[in-house]
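Asks: Anchor point for the sequence shown: position 109 equals 109 in our numbering, and the numbering is continuous, going up by one each time.
Rather than coming from a laboratory, the hints here were simulated on the basis of the structure.
Ideal Cβ positions, reconstructed from N, Cα and C, are used throughout, including at glycine.
There could be a bad hint or two in this list.
Below are the SDA-like pairs computed for lysine to any residue, each with C-alpha atoms no more than 20 Å apart in a straight line [stated by the list, open to error]:
no., residue 1, residue 2
1, Lys45, Lys107
2, Lys45, Ile32
3, Lys107, Gln89
4, Lys107, Leu79
5, Lys43, Trp64
6, Lys43, Tyr62
7, Lys45, Gln35
8, Lys45, Leu79
9, Lys43, Gly55
10, Lys107, Leu78
11, Lys43, Gln89
12, Lys45, Met19
13, Lys43, Thr31
14, Lys45, Leu22
15, Lys107, Thr86
16, Lys45, Gln89
17, Lys107, Phe84
18, Lys107, Tyr74
Here are the in silico distance ranges between beta carbons for each label pair [to be verified]:
no., residue 1, residue 2, range
19, Asn111, Phe40, 16 to 22 Å
20, Leu6, Pro104, 19 to 25 Å
21, Pro104, Trp64, 24 to 30 Å
22, Gln108, Ile38, 37 to 43 Å
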Amino acid sequence: MMFTILGMLMLFDRGLIAMGNLLFIAGLATTIGFQSMITFFMKRKNRRGSIFYLGGCAFVLYGWSVVGLLLESYGFFLLFCEFFPTMLQFARRVPILGRLLDAPILKQIFNRVAPMGGLPTTNFEV
């Protein structure tokens, strides 16, 4: 993500944004494994997000950095939108972020995304 942000700060430098895309995909493959990453991108419910994200990468490589970043952002949102409520619940438990997220305006907005109530629970017993 650092290369992508640097690419935007450097007036949408194509090389830095492309490096950020490559490192994001490499990091995802390293974190969850190559086969799991391919499976994740090819799931039926994730196909539209994958097409937008990879299409955005192609636009960046072609030289249309702004259009590519917009497509990538939309694809990223489609791919990971189910994970946002879990991430938000975790952020509410971090001491400083929790206080920021308790601000009345932010609390109203984020309660629509992830209602208060804690992290998802499982029925696993030791």
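Asks: Hint numbers the structure violates, sorted upward?
Replies: 1, 4, 5, 6, 10, 11, 12, 14, 16, 18, 19, 20 and 21
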